[in-house]
Amino acid sequence: MSNGKIANDAVLFRRITPSFVHWDGLQSAGIPQVPRQGFQDYPEQIARQRFNLPGACMSVAVQYILIDEGYDPEKLIIGYPGYGVAAINAGVMRTLESPTGANWTQGVMWNPTDDEPWHAVVFCQNGGKKTTGMQGAIAGTATWTILPNPPNESATAA
Amino acid sequence: MGAPVTATGEYSHYLNEVDEPSSGFELDITPTISAQYVWLASGTGNLVPPKGAWPSWLADTIDDLLDWLNQREGWDSYSANRISPRAVSIAFQFLRGISHYGIPRPFITGDTDGGISSSWESDRYSVQVDFHANSIDVFYWDKYIDEQWEDRQRRCLVS
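Protein chains in written order, with the numbering used here: chain S, 1 to 158; chain B, 1001 to 1159.
Worth flagging that the hints you see were computed from the coordinates, not collected in a lab. A few of these clues could be false.
Here are the computed distance ranges between Cβ atoms for each label pair [unchecked claim]:
| id | chain 1 | residue 1 | chain 2 | residue 2 | range |
| --- | --- | --- | --- | --- | --- |
| 1 | S | GLU69 | B | LYS1143 | 18 to 26 Å |
| 2 | B | ASP1123 | S | GLY127 | 19 to 27 Å |
| 3 | B | ARG1154 | S | GLN45 | 15 to 23 Å |
| 4 | S | GLY101 | B | TRP1120 | 20 to 28 Å |
| 5 | B | GLU1150 | S | THR95 | 17 to 25 Å |
| 6 | S | ARG94 | B | ALA1133 | 28 to 36 Å |
| 7 | S | ASN103 | B | GLN1071 | 29 to 37 Å |
| 8 | B | ASP1063 | S | ARG48 | 34 to 42 Å |
Away from chain B, derived, C-beta distances all over 12 Å, residues of chain S [said to hold, decoys possible]:
| id | residue |
| --- | --- |
| 9 | GLY4 |
| 10 | LYS5 |
| 11 | ASP24 |
| 12 | PRO54 |
| 13 | GLN63 |
| 14 | LEU66 |
| 15 | ASP68 |
| 16 | GLU69 |
| 17 | GLY70 |
| 18 | THR95 |
| 19 | PRO99 |
| 20 | TRP110 |
| 21 | THR145 |
| 22 | LEU147 |
| 23 | ASN149 |
What you are looking at is a predicted structure, and each value in this text was computed from that prediction instead of being measured. In this text, a Cβ means the ideal position worked out from N, Cα and C, and glycines have one as well.
Whole structure, please, built from the sequences with the hints as guidance.
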């Protein structure tokens, strides 16, 4: 990372609640799809108040910073039993487009906090909140790093 | 319009009455969609009359909606808003209305703004209808030809 900019090859982790997972729609090998609902932005007022950011965005954790700090993805679900962790790529976010080629590009910005120096945000370059289509496009590029589990079960590594 | 729907669990009452659930929330069921007049167009363009009986999944879906109503702020671990009772009311009215047409059970989740998301997935199609206090968002995707559209209806009165 140079000048605070997250590299295009950076892996970004997103914590996903099991309540977003459609457990009745499992893919082969019993692995659920990464749900598009897991890539929604914060309510705008939260983004402004909590992160002093100008608009809607979603939180992610930058893998190489997390590792540099001595942690692995399991760190992200401490206190969140059953949650999963999905991985996306910064460069893919920056070149995201719709099926018709419309610009769906996302910005990726490092936004460290005292408790989470690996914290970054992903936001629509065109402003506004991520549409359902954008969320689906992001989910389509995502892979599980830690599988969520149905309620009453603990999470398992992907 | 067929047998009344009875929700399972602690909310075993008819949701067409304003009631005081044990959580302390009051469900404001203000009908914004009259199911009597909601007819769907078939793929041939003809109107499809309702089938009449409530589907078996409707009671489970009501339970899903009520479970979401009870979620606390931050239920997604990222500061999601509490689910709006009005969004739940609108979702219920809509889903009850279309349930007469052989629609399969929707997958119900919350959205971070406090709305209710209902979705249907098949190998080919993905349809999502998001209910908010003052609007409904619709998303459609034909995966085979990668055709998508989505729209927001700000005034969701249908009669």
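Okay, which hints does this one fail, numbers in order?
Hints 1, 2, 11 and 19 are the ones this structure does not satisfy, whereas the remaining hints hold.
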